[in-house]
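This is what each chain is made of:
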Amino acid sequence: MVDDGHDGTAEAAVEEQWLRCALARDLDSGFAELTRVHSDVVHSVARNLARPADAEDLAAEALLKAYRALRGFDAARIGTLSIRPWLLTILRNTARNAARDAARRPGPPPAFEPSTEQTEPEPAAGPAERAERADTQRRLGALLAELPEAQRTAIVLRHVVDLPIGEIAEILGCKDGTAKSHISRGLQRLRTLLTDTTTTATVTVVGGTAQRVLRSGRTSR
Amino acid sequence: MTSNGRPFGTDQQLVSALGTLAAPAPPGLADRVFTRWASAPSRLGDVFVAFTDRGVQFLRPAGEGDADGFADAYHRRFARPLQPAARLPAGVLPALRGRQARALTLDLAGLSEFERAVLAATRRIPAGQTRPYGWVAREAGSPRAVRAVGSVLARNPVPLLVPCHRVVRADGAVGDYMFGAPSKEQLLRDEDVDLDGVRALARGGVRYLASDTTGIFCFPTCRDARRITPAHRHGFRTVSTAAAAGYRPCLHCRPAA
Chain A
0 MVDDGHDGTA EAAVEEQWLR CALARDLDSG FAELTRVHSD VVHSVARNLA
50 RPADAEDLAA EALLKAYRAL RGFDAARIGT LSIRPWLLTI LRNTARNAAR
100 DAARRPGPPP AFEPSTEQTE PEPAAGPAER AERADTQRRL GALLAELPEA
150 QRTAIVLRHV VDLPIGEIAE ILGCKDGTAK SHISRGLQRL RTLLTDTTTT
200 ATVTVVGGTA QRVLRSGRTS R
Chain B
0 MTSNGRPFGT DQQLVSALGT LAAPAPPGLA DRVFTRWASA PSRLGDVFVA
50 FTDRGVQFLR PAGEGDADGF ADAYHRRFAR PLQPAARLPA GVLPALRGRQ
100 ARALTLDLAG LSEFERAVLA ATRRIPAGQT RPYGWVAREA GSPRAVRAVG
150 SVLARNPVPL LVPCHRVVRA DGAVGDYMFG APSKEQLLRD EDVDLDGVRA
200 LARGGVRYLA SDTTGIFCFP TCRDARRITP AHRHGFRTVS TAAAAGYRPC
250 LHCRPAA
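Chains A and B supply the protein sequences, listed in that same order. Numbered per numbering that gives the first Met the number 0, the first sequence spans residues 0 to 220. Numbered per numbering that gives the first Met the number 0, the second sequence spans residues 0 to 256.
With the rest of the complex left out, here is chain A (with noise of 0.2 angstroms):
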C-alpha cells in the first residue's frame, strides 16, 4: 500500500544540500532558510503529536532546540546532517518529553480542534462541508490521540505530511520493516476505534451531502 518512490525525492535531495550549505555558512540566515522550507510539515506534525493548542508552542521549541544543537555543530556535522529526519526526531523527543510532564501534572483533558488555516482541499466547499470536514478532523485527532505514541507518531509522518518509509524509520530509530509495521498496525487500531466508536452519533458522508445517523448497534464487518 506504500508507495516509496516520491515524486520530488530528488528535488527535496537538491534543497537539503543548499540548505546545508547555507546553515555552513552562515548559521542565522541559513536557519532562516532551514525555518522557510521545514515550518509547515513541523507544524503539521506538532498538532497532531500535541494538542493543537500547543502545537505553534511545540514546534517553536523544537525548532529553537534545534538552532543550539546547531550552535555546537561544527561544518563536518552539518555536511552530513539529514536535516528533516534529525528535525523531527527533536520535535518527536520534545514532544514526548512535553507529555510526560503533562501526565505528572494532570490538566484539562485534550480536545482537538479543526485546523482553521487549512487551505481548501475543494475551493467551492460550503459551510456545511467545512463543518463536517472539521468535524471529522476532530474525530479522527482525537482517536489518533489514544495511539500508542510509536504507532502514532509512525501514522501521522506517513500519511499526514507525507514522509518516505526510510525517513519515518530513521525519526523512529527502527528498521524500515518495523516502521511499516507500525504504520499498519496503527491504521488497524484506529479502524476498530472507530467502530467502536460508531455506537454514538456520528456524522457520515453520503453522496456529498451531511446526514446524522444514530446507530444503536456495533456495526459488524
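Don't read these hints as lab results, they were simulated from the structure. All figures in this text were calculated on a predicted structure; none of them were measured in a lab. By construction, the Cβ of each residue, glycine as well, lies at the ideal position given by its N, Cα and C atoms. Be aware that a few hints might be false.
Derived CB-CB ranges, DEER-like [as the list claims (entries may be wrong)]: (1) Gly-109(B) <-> Phe-72(A): 21 to 29 angstroms; (2) Asn-92(A) <-> Asp-10(B): 28 to 36 angstroms; (3) Arg-115(B) <-> Arg-95(A): 26 to 34 angstroms.
Stretches of chain A that chain B covers, calculated by requiring three or more beta carbons in the stretch to come under 8 angstroms of a beta carbon on chain B [claimed, not checked]: (4) 35–44; (5) 59–66; (6) 71–81; (7) 134–141; (8) 175–185.
Given the coordinates of chain A, work out where chain B should sit on it, guided by the hints.
Frame of chain A; chain B shown alone:
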C-alpha cells in the same frame, strides 16, 4: 449498510482523511523563534536593538563593535537566531531620545525574578532624577541586596530603555556604568540633573533635603526637593535623623519605605 455509509469506510478514505490533518505553520511561528534586530540613533550614539514578538530584549552601542560583535554578544547570552528587521517596534525611537514611551514593551523572559524586580524599580526613576543603589534594592523587595543590584544593573540587557544610568552611589558619586562613568555623567547632565549641587551637598554630609513648609524630606534630585527655597531647606544625612526632626518621607521619591 454499505461501506460508503460509514466514515472512512475504506483504507483509502481513512488515509485521505488523515491527509487533511496537515496544517501550514501560522505566520507567527517564525516570530517566536527568531529575534529581529536593527540599528537606531540614541543619546549614546548609534545602538543595535534586538527584539522578539514580546518586546525589546537586548541593546548595545554600535560603537562597541560592528554588527558581528553585537550578534556574538547576543548569541552568547540568548542562543537564539537573529534576523535583520526593517523597522523597530513602537516606542523604541522616542525612548532612545529620552522621551517617555508608553508603547514600549520589553522582553525580560530569561531573567530571574530578582533581576526583573531590579529592572522594574529602575524603570520607575523619572528622567532628571537619581536614586541610590540601596533604594533600588528596597524597591525590588530585597533591601539588603545592594551589591547584587549593582551586578544586575552592570548586566542590564536594555540600557537607556531601563535607565540604569539614574542609579548612583549614596555618597553623591555617579558610580560605574557599563559604557563608562563619563557616559553616565553625560546622560545625567543631559537630563538636567544638578550633579555638582548633589556632590556639594554630599560633601557636607547631606543626602536628603527637607522643607519646613511641607514637613517632607526628599532625595536632592526629586522634583519636589528642587522647589524648596533656601530659607526653608534643611539637610539630613540619614532617614532616621530627618524622621526624628519631625519630617515624613516624600511619596514621590520615596526616600524611606
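Against the structure, the hints:
no.	hint	result
1	Gly-109(B) <-> Phe-72(A): 21 to 29 angstroms	holds, 23 angstroms
2	Asn-92(A) <-> Asp-10(B): 28 to 36 angstroms	holds, 30 angstroms
3	Arg-115(B) <-> Arg-95(A): 26 to 34 angstroms	holds, 31 angstroms
4	35–44	holds (count 6)
5	59–66	holds (count 4)
6	71–81	violated (count 0)
7	134–141	holds (count 5)
8	175–185	violated (count 0)
The structure shown violates the earlier hints numbered 6 and 8.
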